[in-house]
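Quick note, the sequence shown lines up with residues -21 to -1, 1 to 887 if you use mature numbering (1 follows the signal peptide of the UniProt record, and there is no 0).
These are calculated hints, taken from the structure and not from any lab test. Accuracy of the hints is not assured; some may be wrong.
The following label-pair restraints were derived from C-beta to C-beta distances [said to hold, decoys possible]:
id, residue 1, residue 2, range
1, Met390, Met543, 41 to 49 Å
2, Gly877, Thr814, 18 to 26 Å
3, Ser484, Arg738, 15 to 23 Å
4, Asn768, Glu715, 23 to 31 Å
5, Asp881, Ser775, 26 to 34 Å
6, Asn340, Glu202, 50 to 58 Å
Straight-line Cα separation of at most 30 Å, DSSO-like style, residue types lysine-lysine; simulated pairs [unchecked claim]:
id, residue 1, residue 2
7, Lys314, Lys533
8, Lys314, Lys483
9, Lys127, Lys115
Ideal Cβ placement from N, Cα and C applies to all residues, glycine included.
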Amino acid sequence: MMKGASVGVGLLGLLLACVTTAPTDKNRDWDIYSFHINSTVTSRYATTIITSRVANRIDQSQEIEFHVKIPKNAFISKFKMTIEGQTYDGVVKQKEEAQQQYTQAVSRGQSAGIVSSVGRTLEEFKTSVTVAALSKVTFELTYEELLKRRMGKYELLIHARPMQPVADFKIDVYINERPGIHFLEITGGLSTKALANAITKTHASSEAWVHFYPSKELQSQCESCGEQGLNGDLVITYDVHRKTSMGDLNESEGYFVHHFAPSDLPRIPKNLVFIIDRSGSMRGRKMEQTREALLKILGDLAEDDHFGLITFDSSVSTWRKELLPANQDNLEAAKSFARNIHERGATDINAAVLEGTAMLNRHPQEGSFSLLILLTDGDPTTGETNLKKIHKNIKEAIGKKFPLYCLGFGMDVNFDFLEKMALENSGVGRRIYTDSDAALQLQGFYEEVATPLLTDVQMIYLGGANLTQTNFSQYYNGSEIVVAGQIPDNNIEMFTAEVIAISKSNRVMYSDTLPKEEPIEARSDSHIQRLWAYLTVKQLLDKEVQLSGKEKEKVKKEALDLCMKYSFVTPFTSMVVTKPQGEDSQVAHKPKEGEKPIRSSQVVSGSRLQGLKDQVNSHPVMAVQDAYAGPSPKQGLRENAPQRGERGKGIMSRVGSMRRTNDHAVQKSFPDFAMAFLDFNDPPRAHATKTTMRTTTTTVSPLRRFLLPAEGQALPLCYDIPVALSLRLLLDPNNELSMNGQLGQSASAGYRKIVIHYRSDQHIELDTTGITFNDEQNTTYFSWSPKINHKTDSVSLILRDKEMDVNIASTRVVIMLYKRNGITFLWPVLRQRPTGDNIIGIMAHPPVAYEEVQGITMKLKIQDKEVDVSRDSAVDLSVRSTPTVACWLMPLQSALQGELADFTVTQL
């Protein structure tokens, strides 16, 4: 019997040729008789399936290789091979488990290994299988990605090089966007000249179809084609309509996604400092391209921008000691300086970034936006060289006041170090590739951040749970903020989205609700749940980079659990490709950007590899690599899960309203630092059934119950405070701001009076009859009835619908007027927490992280201490619907980490 031959077939759908030279169609021993790429995009979430069918045309077995490249930001979620009616599925496993399987295969001399080839936008996936004589194999790979909006458009990239003309070659793209498709363009090498005739495009309102069906003859006759068929890109770019500044809010099957990209806003002037590495390693083309890009960027600065230039090697030099306006004279002088930047010396990154930070701190500009851009190609080699200390120094110096963007030039740069430094300071890390267009890469990055429109963006979702990142330090024109989350119980009736941000010096606010009635086709979007999972994992990967110790492991576990549930191949997971009996399983990893691949020469191939098979098995497995940098995620995201002590049906809830099933209700998430209390006059059915003993009797004096949100947990904490006390609600010594409140006498009420003091000369007193504002010179009184918009230089008071919105410094508080059970009272909700340290008070506590502890009685572990708790309920007054929510009841001392006396005051 003849030994099996081995041949490599490079299949890209996105396809790349194998390293072997493909034979001509006439003498080829194998044939790709069908090759399809099918991509569906809904709510900017793309799911792409590559299906390749290959026939073994000879009367002996041979090895066929499947070799594709996918976008770096994508996650592989499925792979299968079908041979003679039998399907073999890839299985996603924890990376360590898959790695052990790979190591064992290598030690036995079998064909296993990790092969990685990282480009700018694509990464490889390879596997191979032995196909019997005159038999066929079908490969099918699925990957998913969230298309990112850059420069006002989304881009879907498809690359094709199948190594032969294919009789049945098809690329089908279907786009469905509920707000409507604004424009759609097709570019790339596969859309030019004769190949353009093979493309059909249909665009109808919210849907678009793109079909690329080149004939077999055309695949070998086009400009970039040959005997190996197609070789080029098909790039589909589009954008959607935005009828309102709030953007597009969409939901399906208990999940929602919000795309926020307003454009009708004035640009914010920039304070920009460029920090340029001029060390010896920048010699030659790198420095030439840096100078070229810097000259172009300087020419694009607006007249109301301010800028500075810093160059560094072993020493730090500033063009000017202060920021200067971008007028013509200053720009010409700066360009002259840029033309004379020359490489020399070592690399002191720490001193250079600290100098740039100090420059921005020395020259604050009212109503402007500051940012740092660092360009370097190496590690710190002089001055402070301890990477952890550098991270600490830079983070403390910047203090969350502005973002730092780190551009790493070339493949030798310590990209992990730069990426972490950027992520810790609200920026991103990006690699600049040392190709002929490096200057254009630098200019392209600058264009993305050239036009800031909003700062301090807060995305608030009443009725949402398990949210992705909701706070963003900046929003740039042409980009997009995407937030996804769950809607427990799919209760969309009370779901409300609100966006609060700063536009120049003005506060802007947007709000919207989910559409109550949707066409069936718009409601059938099952992609939103996977979009939420994808975005959550991406943000957890970013967060994991910034952490260490137990926190790092906790975030890694959260990401791993989601990856396993949704079968995502990420840096924490791998896919094991199962093959027919007698063949080796293979492992797909997704290493991080810049991680050195294990080349095929490092793998012992064994004596069974011979002839052409030796060449194919020099790349024996599939492998992928990733390069991803973005804003920092929301902490502590978790899956829905039944809570201990629950019986009957599963319980879901929502912030801002509550849908009960049986006798339980669970609060899943709190977007605000909210407080609530237990209303003992509510009917008994409003309270959740207790699952553990609670020692409360009717002889105890009336108590107010407060809610304290939990970090990423299903149930908040709650605690009781006796009536009629005067409480310290908030104290911010950094901004000379304090807020105190006096509780009423009734167990059914909240506060009867709240007083806010700002500095020594501004005071706001609120009671149930009205609001008094005193600025030492004038005293102004408002009743609760009319709408009011009263502003001074430092205080904003907006009254609407019995809610007083107070903005002072970096703090926003909403005081709500209620009437329940015949009693009128006030309730404060902290919408924006003060920045800085030493913030104290009942409302100052951020969400608490806890772990449930197994045992006879229910316990929670908070800050390494175990606390006895019981399941109870409270009324959430932070939203108008005042839902009753379940909570873990505990002593005040445990919840607030202090004594009651620490939170009381003698006078308001």
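Results of checking the hints against the structure:
{"no.": "1", "hint": "Met390 - Met543: 41 to 49 Å", "in the structure": "violated, 32 Å"}
{"no.": "2", "hint": "Gly877 - Thr814: 18 to 26 Å", "in the structure": "holds, 22 Å"}
{"no.": "3", "hint": "Ser484 - Arg738: 15 to 23 Å", "in the structure": "holds, 19 Å"}
{"no.": "4", "hint": "Asn768 - Glu715: 23 to 31 Å", "in the structure": "holds, 24 Å"}
{"no.": "5", "hint": "Asp881 - Ser775: 26 to 34 Å", "in the structure": "holds, 30 Å"}
{"no.": "6", "hint": "Asn340 - Glu202: 50 to 58 Å", "in the structure": "holds, 55 Å"}
{"no.": "7", "hint": "Lys314 - Lys533", "in the structure": "violated, 48 Å"}
{"no.": "8", "hint": "Lys314 - Lys483", "in the structure": "holds, 28 Å"}
{"no.": "9", "hint": "Lys127 - Lys115", "in the structure": "violated, 38 Å"}
Violation of the numbered hints given earlier is confined to hints 1, 7, 9; the remaining hints are satisfied by the structure.
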